[in-house]
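K.L.:
Using the sequences and the accompanying hints, generate a full structural model.
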Amino acid sequence: MFDIGFSELMVIAVVALIVIGPERLPKVARTLGHLFGRMQRYVNDVKADINREMALDDLRKLQASMQDTMQSVEQSVNQEVRAVENQVHQIAADAQANPDAAPAVAAAPAPTEPAASEAVREGAKSA
Numbered sequence: 000m001f002d003i004g005f006s007e008l009m010v011i012a013v014v015a016l017i018v019i020g021p022e023r024l025p026k027v028a029r030t031l032g033h034l035f036g037r038m039q040r041y042v043n044d045v046k047a048d049i050n051r052e053m054a055l056d057d058l059r060k061l062q063a064s065m066q067d068t069m070q071s072v073e074q075s076v077n078q079e080v081r082a083v084e085n086q087v088h089q090i091a092a093d094a095q096a097n098p099d100a101a102p103a104v105a106a107a108p109a110p111t112e113p114a115a116s117e118a119v120r121e122g123a124k125s126a
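The sequence shown begins at 0 in numbering that gives the first Met the number 0 and counts up by one.
Derived by calculation from the structure, the hints in this document are not laboratory data.
Hints are all accurate, no fakes.
Across the chosen pairs, the derived CB separations fall in these ranges:
no.	residue 1	residue 2	range
1	V10	L61	49 to 59 angstroms
2	Q62	P98	47 to 57 angstroms
3	L34	V72	53 to 63 angstroms
4	H33	L8	11 to 21 angstroms
5	L61	P98	49 to 59 angstroms
6	M9	S64	56 to 66 angstroms
7	R51	A15	36 to 46 angstroms
We treat Cβ as the ideally placed atom computed from N, Cα and C, and that holds for glycine.
P.N.:
What follows is the structure, given as structure tokens:
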């Protein structure tokens, strides 16, 4: 922390011994040690609080980005589902309008997107 060598500590100890006296020096040293320990604990607590707040802020940003991503995925899935539903309704309307075209409707390929989008929607609901 401080760049103090052994010789400088010895000079400080000798000056403290002369100024404070040999009877009160141990008590003063003990008190200074306790105060220094309290100061270190306080500094460590402040550092831990700052780190905790930074981590919490990062988690909030991550949560917001995940929610944005989830909403965009949900919107795209809903758009695809609506498009497929519109196609199915259009085919059904065409089938009702032209009963002779019913075999062509049966030969139309089945859409595979709704099953995948339903699985994504179920995953989004559970989150």
